[in-house]
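Here is what each chain is made of, one letter per residue.
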Amino acid sequence: GQQLNQSPQSMFIQEGEDVSMNCTSSSIFNTWLWYKQDPGEGPVLLIALYKAGELTSNGRLTAQFGITRKDSFLNISASIPSDVGIYFCAGRAENAGNMLTFGGGTRLMVKP
Amino acid sequence: EAQVTQNPRYLITVTGKKLTVTCSQNMNHEYMSWYRQDPGLGLRQIYYSMNVEVTDKGDVPEGYKVSRKEKRNFPLILESPSPNQTSLYFCASSLSLGETQYFGPGTRLLVL
Chain C
719 GQQLNQSPQS MFIQEGEDVS MNCTSSSIFN TWLWYKQDPG EGPVLLIALY KAGELTSNGR
779 LTAQFGITRK DSFLNISASI PSDVGIYFCA GRAENAGNML TFGGGTRLMV KP
Chain Y
66 EAQVTQNPRY LITVTGKKLT VTCSQNMNHE YMSWYRQDPG LGLRQIYYSM NVEVTDKGDV
126 PEGYKVSRKE KRNFPLILES PSPNQTSLYF CASSLSLGET QYFGPGTRLL VL
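Residue numbers (my numbering), protein chains in the order written: chain C, 719 to 830; chain Y, 66 to 177.
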C-alpha cells in the first residue's frame with residue numbers, strides 16, 4: 719500500500735515554542751489532511767488541504783500542501799499544554815482511488 | 066447528539082471465534098470507513114463504503130469483511146480472528162468523500 723513518512727516521531731518542547739512537523743510521500747497526493755488524537759479518543763480533523771500550494775490556518779495551526787504534491791507540513795505556533803497529543807497526517811494518493819493513508823504520527827509533549 | 070458509536074468498546078476473544086464489531090452513525094453520512102491503529106504504524110484503512118451496498122478494500126483488508134445494508138450501519142466482521150488482528154479499531158463517517166471524518170470512540174480487540 720501507500721507509504722507516508724511523518725517526522726518527527728515525537729517532540730518534547732517548552733510551552734510557548736513553535737512546532738513544525740511534516741509528511742512526505744513517494745506518490746503524488748491530491749488531498750492532505752491533518753488530525754489530532756487525544757488519549758483514548760478517535761482522531762479529530764484539524765485542517766484539510768485540496769490544492770497544491772494551499773496554505774490554511776486554524777487558530778494557531780497552519781498547514782500547507784506542498785507544491786510537488788508529495789509533501790505537507792503542519793506548524794503550531796506558541797504551543798500550550800493542551801496541544802499535547804498525537805498528530806497524524808493523512809492523504810489520498812492520485813493513483814489510489816478513495817483510499818485514505820495515514821502517517822505514523824508525531825507525539826507532541828509540552829512542558830509547562 | 067451527532068455521533069459515531071461502536072460496540073463493543075473492549076473485546077477479548079480466542080483465535081478462530083467469529084466476531085462482529087458494530088458501527089452506527091446518526092448523521093445521515095454516506096461515507097463510512099474502518100481503520101486499525103497499531104503502535105508505530107498510525108491508522109491503516111481496512112475497508113470503506115461510499116454508500117449503501119458500495120464497499121471497497123482499503124490498505125489492509127485481509128481477514129476482514131464488511132457490509133453496508135443500511136446507510137447508518139457499517140459492521141466489521143472477523144470470520145476467523147487471529148492474534149495479529151489484536152489492535153485498536155476505529156470506525157469513521159463523513160457526509161461524503163473529502164468531507165470531515167468523524168471518528169467513533171474505538172474498539173480495543175485482543176485475540177488470544
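Read the hints as simulated data drawn from the structure, not as lab findings.
Don't take each hint at face value.
[What the hints assert, rightly or not] Cross-link-like lysine to any residue pairs, in silico, SDA-like; alpha carbons within 25 Å at most:
#  : chain 1 : residue 1 : chain 2 : residue 2
1  : C       : Lys788    : Y       : Lys130
2  : Y       : Lys122    : C       : Asn813
3  : Y       : Lys122    : C       : Ile746
4  : C       : Lys788    : Y       : Glu164
5  : C       : Lys769    : Y       : Leu160
6  : C       : Lys769    : Y       : Gly105
7  : Y       : Lys122    : C       : Leu763
8  : Y       : Lys136    : C       : Val762
9  : C       : Lys788    : Y       : Lys134
10 : C       : Lys769    : Y       : Ser161
11 : C       : Lys788    : Y       : Gly105
12 : Y       : Lys130    : C       : Ala814
13 : Y       : Lys82     : Y       : Asp124
14 : Y       : Lys122    : C       : Asn723
15 : C       : Lys769    : Y       : Asp124
16 : Y       : Lys136    : C       : Arg810
17 : Y       : Lys122    : C       : Val802
18 : C       : Lys769    : Y       : Tyr167
19 : C       : Lys788    : Y       : Asp124
20 : Y       : Lys122    : C       : Val828
21 : Y       : Lys122    : C       : Ser745
22 : C       : Lys769    : Y       : Ser159
[What the hints assert, rightly or not] Just some of the chain C residues that point at chain Y, by a computed CB distance under 8 Å:
#  : residue
23 : Phe730
24 : Asp736
25 : Met817
26 : Thr819
27 : Gly821
C-beta: ideal position from N, C-alpha, C; glycine also.
Results for each hint:
| no. | hint | verdict |
| --- | --- | --- |
| 1 | Lys788/C - Lys130/Y | violated (32 Å) |
| 2 | Lys122/Y - Asn813/C | holds (14 Å) |
| 3 | Lys122/Y - Ile746/C | holds (20 Å) |
| 4 | Lys788/C - Glu164/Y | holds (21 Å) |
| 5 | Lys769/C - Leu160/Y | holds (20 Å) |
| 6 | Lys769/C - Gly105/Y | violated (28 Å) |
| 7 | Lys122/Y - Leu763/C | holds (22 Å) |
| 8 | Lys136/Y - Val762/C | holds (22 Å) |
| 9 | Lys788/C - Lys134/Y | violated (37 Å) |
| 10 | Lys769/C - Ser161/Y | holds (18 Å) |
| 11 | Lys788/C - Gly105/Y | holds (21 Å) |
| 12 | Lys130/Y - Ala814/C | holds (20 Å) |
| 13 | Lys82/Y - Asp124/Y | holds (24 Å) |
| 14 | Lys122/Y - Asn723/C | holds (22 Å) |
| 15 | Lys769/C - Asp124/Y | holds (24 Å) |
| 16 | Lys136/Y - Arg810/C | holds (23 Å) |
| 17 | Lys122/Y - Val802/C | violated (33 Å) |
| 18 | Lys769/C - Tyr167/Y | holds (22 Å) |
| 19 | Lys788/C - Asp124/Y | holds (19 Å) |
| 20 | Lys122/Y - Val828/C | violated (38 Å) |
| 21 | Lys122/Y - Ser745/C | holds (19 Å) |
| 22 | Lys769/C - Ser159/Y | holds (20 Å) |
| 23 | Phe730 | violated (18 Å) |
| 24 | Asp736 | violated (24 Å) |
| 25 | Met817 | holds (5 Å) |
| 26 | Thr819 | holds (7 Å) |
| 27 | Gly821 | holds (6 Å) |
Going through the hint list in order, the structure does not satisfy hints 1, 6, 9, 17, 20, 23 and 24.
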